[in-house]
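Q: Residues per chain are reported as follows:
There are 2 protein chains.
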Amino acid sequence: MVNKVRLGIVGLGAQGSMYAKFIADGLVPNMEIGAICDVDPDKRAVAEAMYPGVGFHDDYLTLLESGDVDAVVTCVPHYLHPQMGIDALQRGIHALVEKPAGVYTKQVRELNAYAATKPDLTFAIMFNQRNNPLYRAIKDLVDGGEIGKIRHSSWLITTWWRPQGYYDQSSWRATWGGEGGGVLVNQAPHQLDLWQWICGVPRSVYAKVGYGFRRNIAVEDEVTAMVDYGDGVTGVFVTATHDLVGTDRFEILGDSGKIVVENSLTATITRLKKPERDISEGMGMDDVRRLFTGQLDMAEYYSSEVLQFESQWGSQHAGVLENFAANIIDGTPLIAPGSDGINGVRLANAIHLASWTGREVSMDFDEGEYLTELNARIREEGKFSERD
Amino acid sequence: MVNKVRLGIVGLGAQGSMYAKFIADGLVPNMEIGAICDVDPDKRAVAEAMYPGVGFHDDYLTLLESGDVDAVVTCVPHYLHPQMGIDALQRGIHALVEKPAGVYTKQVRELNAYAATKPDLTFAIMFNQRNNPLYRAIKDLVDGGEIGKIRHSSWLITTWWRPQGYYDQSSWRATWGGEGGGVLVNQAPHQLDLWQWICGVPRSVYAKVGYGFRRNIAVEDEVTAMVDYGDGVTGVFVTATHDLVGTDRFEILGDSGKIVVENSLTATITRLKKPERDISEGMGMDDVRRLFTGQLDMAEYYSSEVLQFESQWGSQHAGVLENFAANIIDGTPLIAPGSDGINGVRLANAIHLASWTGREVSMDFDEGEYLTELNARIREEGKFSERD
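These protein sequence lines map, in sequence, to chains A and B. Residues in the first sequence are numbered from 1 upward in steps of one, following my numbering. Residues in the second sequence are numbered from 1 upward in steps of one, following my numbering.
For the record, the hints were derived by calculation from the structure and aren't laboratory data. All of these numbers come straight from a predicted model, not from anything done at the bench. There's no promise every hint is true.
Covered stretches of chain A (chain B as the covering partner; in silico rule of three or more C-beta atoms under 8 Å from a C-beta of chain B) [to be verified]: (1) 146–157; (2) 205–214; (3) 219–231; (4) 243–249.
A short, non-exhaustive set of chain B residues, derived as facing chain A with CB atoms under 10 Å [what the hints assert, rightly or not]: (5) Ala14; (6) His152; (7) Asp168; (8) Ala207; (9) Lys208; (10) Met226; (11) Gly232; (12) Ala240; (13) Leu244; (14) Thr247; (15) Arg249; (16) Glu281; (17) Gly284; (18) Asp286; (19) Gly358; (20) Ser362.
Just so you know, even glycine gets a beta-carbon here, dropped at the ideal spot from N, CA and C.
Could you build all of it, start to finish, from the sequences and the hints given here?
A: As structure tokens, this is what we get:
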């Protein structure tokens, strides 16, 4: 048992640098920086200036084998997350993978299968939004049955505005071979996870996806998807990177209530005084007449509460690091177990596949078909190697 | 030319009674009640008590031929609207059909074709929401190009809550043979019309529809539809009669701005200072860095305005009656030409057909296939005759 978890930070880009700073600033009391790795040789001087005495590696395998780290976080392009997670676990190193868990489910399934053979090691994923107090409250409300069985949900999440210059920053960004997708793979994984974490995993999806719709990119910058949970329960998911004004509105309708979340800051919770169907069936003809003549005050049938949260950027990420370390130290339950990462990847893949084939795609889709379709796009793009 | 249009009110139920009262109360200055018709003999005494001296008929054909009316409004079950419209026009009587224009496009097309042979007669439809100042303002903004080309739209309209007792009021309500559908045919035609009036007619639709989902009825009480306008432009439409809390939120995203309408009362109009794509392409790497570090104030790129409207129930209907009469009297352009009624019926039919077949359905669907599917449901229900 360790007092502080020594974290290896693989990739000193935007995310890795941020995590290093959180730890150095004491925002993650049960963690310290064990070592840093980056393939860019210029990062060595940066790391040494910022974190003197911390070992620097240009190969993550030497970092894993350095003896200086108990755990790693994989702040590297998405395609690399699964293999890096496996390599860490193989060496007895706890693994926190960045989101998304990978680009295609086949590789994520391999990671999950390997992790399952190492139950003594901690395997988690950086779904920092699960640590957002608002979404934790919603999750607890829904799991606690406060709005009853979910009958419909929708999330319009177009606050991910990105200008062309963002896409032009690096050669792998927004390519099939380098990044493996657009908004579904890079920005929206948070909501793809939260939606399924709170409302469950759907059975199938139909989707319309815009590839290079309003940006000069190969991958998707707009998505409209409809999911089916079975038993008549449906959902809608809309995301885009070209809506400068941006909407973030998440609705969950249950048998006994409704939750509307706006801008990830305000949640309006409405609780019915009895199940909706009982209210419906308990009304006589006279009530119907009163309803239609405006004499029935529907507010008698429910109560509403508005929960207001503040945006606290950074604390979510630091909290996931803290929770990851706590699980290693004393078995504190994980907020985001690594094996949950497959859900978001699977839904993103199914949305791609639905749009490519024009079919309603089961969540139990053929992983080989997805990879074949993805590789066809990588081949056509001609910049990167195909995947297997 | 007449000074006041003498209106024949066919059907003295909830709608017909309301229109009679509006006219009697002077809310429609250019109209008077010419005659009233109802198949229910009990309504004769009601009509004679309320509107003494106004002729009462139990057959609409005798009303049309009475010489007492210049025009009629068809406040009768939806299936009857097209034939009643044709019968009126054949007798030189101007026709205002209630919404929906009919249940299936074949019958509405016949009505439109007949009306086209009578250009001197006024043919309109009671889309009273087109007379809502809010939607008129939005229509003008969009037509005037203020938000540019539309790239996405969505309408969540679940404020149509109806208890079971509403459906149990009469034997034809919420049946395939008597009413021809549920929320798509009865409640949502207003939004199906406004959406297409403002955002255009889509090319195809995919849908999940709940038939008797949360009510004991044969027809739909919940709809989730995704439409495709071509060129990557998509839209979403969600409606239901079982959401007691009810959402009414309409979003339109354009190249140069965005409109968000909430509760049909508040419209937030955001105008970009230049087209979104120009803003995107005009940003250099330095702007991208500032964007990601929160130093770029995106509000510099747009201005927003909130338009607040008041709900004035009744004035919309009276306004459509007034406009219909004005068109008859002096050719004032119609707010809702009768031939526009087919759009809502076509989209409702396409949504049904998509849900029944599991296919993405073109707006140019086979009308015969729709009628065959509808008749199969009427036959199975066993309460009413099939249609042709």
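Q: Against the earlier hints, flag every one the structure doesn't satisfy and list their numbers going up.
A: Hint 20 alone not satisfied by this model.
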